[in-house]
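*Asks:* Line by line, the protein sequences are chains A and B. Note that the working numbering has the first sequence beginning at 398, numbered continuously upward. Note that the working numbering has the second sequence beginning at 398, numbered continuously upward.
Think of the hints as simulated: they come from the structure by calculation, not from any bench. There's no promise every hint is true.
Incomplete in silico selection of chain B near chain A, CB under 10 Å [stated by the list, open to error]:
id: 1; residue: 441
id: 2; residue: 594
id: 3; residue: 670
id: 4; residue: 681
id: 5; residue: 686
id: 6; residue: 687
id: 7; residue: 693
id: 8; residue: 699
id: 9; residue: 700
id: 10; residue: 701
id: 11; residue: 702
id: 12; residue: 704
id: 13; residue: 707
id: 14; residue: 710
Ideal Cβ placement from N, Cα and C applies to all residues, glycine included.
Protein chains: 2
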Amino acid sequence: MNHLSNISNQILSGNRVAIARGISMVENEHQNSRLLLEEIYHKTGVAYRIGITGPPGAGKSTITNKLAAAYRKQGLKVGVIAVDPTSPFTGGALLGDRVRMTDIDLDEGVFIRSMASRGSLGGLSKKAIEAADILDAAGFDIILMETVGVGQSELDIAGATDTTIVVLVPESGDSIQAMKAGLMEIADFFVLNKSDRAGADQAVMSIKMILNFKTKKDGWQPDVIQTVASEGKGIDKIEETISHHRKYLEDSSGLKGKRQKRMVNRIHELVKEKLHIEFWNEAREKYLLLNIENVIRKDSTPYDLAEKLLQDFTK
Amino acid sequence: MNHLSNISNQILSGNRVAIARGISMVENEHQNSRLLLEEIYHKTGVAYRIGITGPPGAGKSTITNKLAAAYRKQGLKVGVIAVDPTSPFTGGALLGDRVRMTDIDLDEGVFIRSMASRGSLGGLSKKAIEAADILDAAGFDIILMETVGVGQSELDIAGATDTTIVVLVPESGDSIQAMKAGLMEIADFFVLNKSDRAGADQAVMSIKMILNFKTKKDGWQPDVIQTVASEGKGIDKIEETISHHRKYLEDSSGLKGKRQKRMVNRIHELVKEKLHIEFWNEAREKYLLLNIENVIRKDSTPYDLAEKLLQDFTK
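Please build the complete structure, drawing on both the sequences and the hints.
*Replies:* This is the structure in structure tokens:
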């Protein structure tokens with residue numbers, strides 16, 4: 398336990414090795430990771446969290462890197478978490494790309510971490526959010542969370558950021574169609590990257606048309622920003638819109654509401670996790686396996702079996 | 398309750414209106430949907446369930462429709478559930494496409510249902526699996542479950558099918574890269590559709606290379622099948638490979654294992670759901686809201702609050 402407190406103290410003082418170890422503990426579900434998160438909790442809640450999502454190839458990494466560089470110029474410390482659902486045996490690709498971004502990678506004010514799914518997509522969002530807490534507690538002012546796609550993981554991560562940006566390209570017509578519901582749900586604004594390509598104007602129009610159908614519940618109206626991130630074009634506009642959104646949230650007490658809702662979700666999750674662990678003790682697992690054949694043979698139903706298992710659990 | 402039993406009896410006798418109503422009950426989380434599922438449970442577990450997934454535009458709908466037609470020729474009854482994460486205001490697109498498939502849509506031996514996420518991606522996989530149970534109980538021999546992408550929802554659905562097919566196209570290079578982990582996890586075999594296009598051979602080679610890295614845990618070796626589904630080319634090969642996989646699962650008792658695992662997951666889910674509902678009564682919700690400010694102000698931690706909430710719940 399002493400050793401653990403040592404790590405958390407080092408994290409709180411911004412030690413990079415300790416931060417990396419802390420995130421690894423979270424990533425590997427180390428038995429002490431929850432205690433670690435408890436110990437650093439009082440220093441969290443300071444960083445502003447920005448989600449950057451969109452289909453593969455949209456240029457999210459470039460935008461993330463340029464945004465990080467822009468914030469650095471303002472003297473802010475920037476943490477980057479890239480949630481990368483690639484496979485274990487080629488999983489280094491994204492990290493490799495980043496290492497080449499020499500404008501930021503040798504900077505002590507930036508901490509970049511790639512979190513891969515390693516063959517299983519479950520639980521990754523939770524781990525990414527916990528990693529953000531570690532960076533938050535370590536004193537990073539801005540946390541950029543980059544994710545691919547808009548599956549459930551991305552929705553979960555978007556629920557844990559203050560501003561969420563969805564990056565598209567002129568070619569993503571099909572994807573816009575397919576991901577619309579998810580996108581509309583999470584985007585505080587859209588970025589149409591590679592806007593120098595054919596079809597950009599049309600893509601902007603389609604997105605605007607969709608946006609016109611719907612105003613966000615909290616009164617903020619999402620817009621579309623055009624960029625050519627590889628040339629640095631439009632990054633200032635993204636940064637400006639994030640500032641506007643942040644100010645909007647702060648003035649309207651939307652930020653407080655967002656963070657409160659986030660905390661409610663988190664406690665729901667903690668309770669769910671704890672109940673699951675407490676419930677499935679050896680005796681109940683055994684009972685389940687002994688009786689599951691009856692259910693499969695149709696002598697009983699899954700609903701009956703669940704009821705029977707639950708019977709003696711609660712007061 | 399009488400009315401409900403009426404619906405379930407009609408579902409069991411294959412009445413199409415009752416099937417549609419039953420699925421709507423599940424989709425809308427009708428208060429009696431669980432009772433309905435209980436009443437039909439004893440007739441489930443007969444259908445063979447096939448998952449068809451892949452990126453947008455890969456031709457999944459065409460393959461699904463042609464496969465359905467092929468099974469019909471064998472005299473089998475086919476249910477199709479298309480899980481469609483499009484938005485509410487353009488959500489009819491997929492269903493519209495299907496209606497045009499006149500070779501199967503007037504056939505009483507086919508039941509097609511599109512389930513859209515209607516703005517929220519959560520819970521869709523559970524509902525799709527329950528809809529499959531209804532079709533199963535109604536006497537459909539084959540159930541085709543079509544999903545887009547490989548997010549958590551798709552993994553959940555793949556966990557609930559007997560054979561899972563991942564459909565790609567020569568152009569999905571980027572997607573293959575990004576979705577590799579998820580794909581490897583769920584694919585019993587791959588279909589490279591639109592194989593008459595440039596880059597098909599290279600795409601097959603990339604997939605095979607990835608496949609060579611890994612043998613599925615249960616001993617089955619996934620392969621790649623090339624198709625041009627719009628011209629009906631290769632559909633017979635898909636059907637044949639499904640049969641092989643089915644036979645493999647049956648001979649190796651893999652099917653029994655798969656279905657047992659599926660049932661264990663299902664009971665875990667039922668218990669989780671029930672515990673969540675039982676736990677979050679009015680008193681605890683109130684306690685949470687009263688104390689969450691302390692947590693946000695850092696006078697307490699989410700872990701403490703969760704513990705306090707849990708204290709009086711279990712025996």
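*Asks:* Please go over all the hints and tell whether each is borne out by the structure.
*Replies:* Taking the hints in turn, this is what the structure says about them:
At about 8 Å, the closest approach between the beta carbon of residue 441 (chain B) and any beta carbon in chain A falls short of 10 Å, and the interface hint on this residue holds. A hinted interface residue such as residue 594 (chain B) counts as satisfied when its beta carbon comes closer than 10 Å to some beta carbon of chain A; here the least separation is about 15 Å, so the hint is violated. Here the hint on residue 670 (chain B) is kept, as its CB sits about 9 Å from the closest CB of chain A, short of 10 Å. About 9 Å separates the beta-carbon of residue 681 (chain B) from the nearest beta-carbon of chain A, less than 10 Å, and the hint is met.
With a least beta-carbon distance of about 8 Å to chain A, the hint placing residue 686 (chain B) at the interface is held under the 10 Å criterion. Proximity of residue 687 (chain B) to chain A is violated relative to the hint, the smallest CB-CB distance being about 12 Å (cut-off 10 Å). Hint on residue 693 (chain B) holds. Least Cβ distance to chain A is approximately 6 Å, under the 10 Å limit. At about 5 Å, the closest approach between the beta carbon of residue 699 (chain B) and any beta carbon in chain A falls short of 10 Å, and the interface hint on this residue holds.
Because the closest C-beta pair between residue 700 (chain B) and chain A is about 5 Å apart, less than 10 Å, the hint holds. Nearest Cβ of chain A to the Cβ of residue 701 (chain B): about 8 Å, under the 10 Å cut. The hint holds. Here the hint on residue 702 (chain B) is kept, as its CB sits about 6 Å from the closest CB of chain A, short of 10 Å. Hint status for residue 704 (chain B) relative to chain A: holds, with the closest Cβ pair at about 8 Å, below 10 Å.
Against a cut-off of 10 Å between C-beta atoms, the interface hint on residue 707 (chain B) holds, since the closest Cβ of chain A lies about 6 Å away. A distance limit of 10 Å between C-beta atoms decides the matter here; for residue 710 (chain B) the minimum to chain A is near 6 Å, and the interface restraint holds.
In this structure, the hints that do not hold are numbers 2, 6, in rising order.
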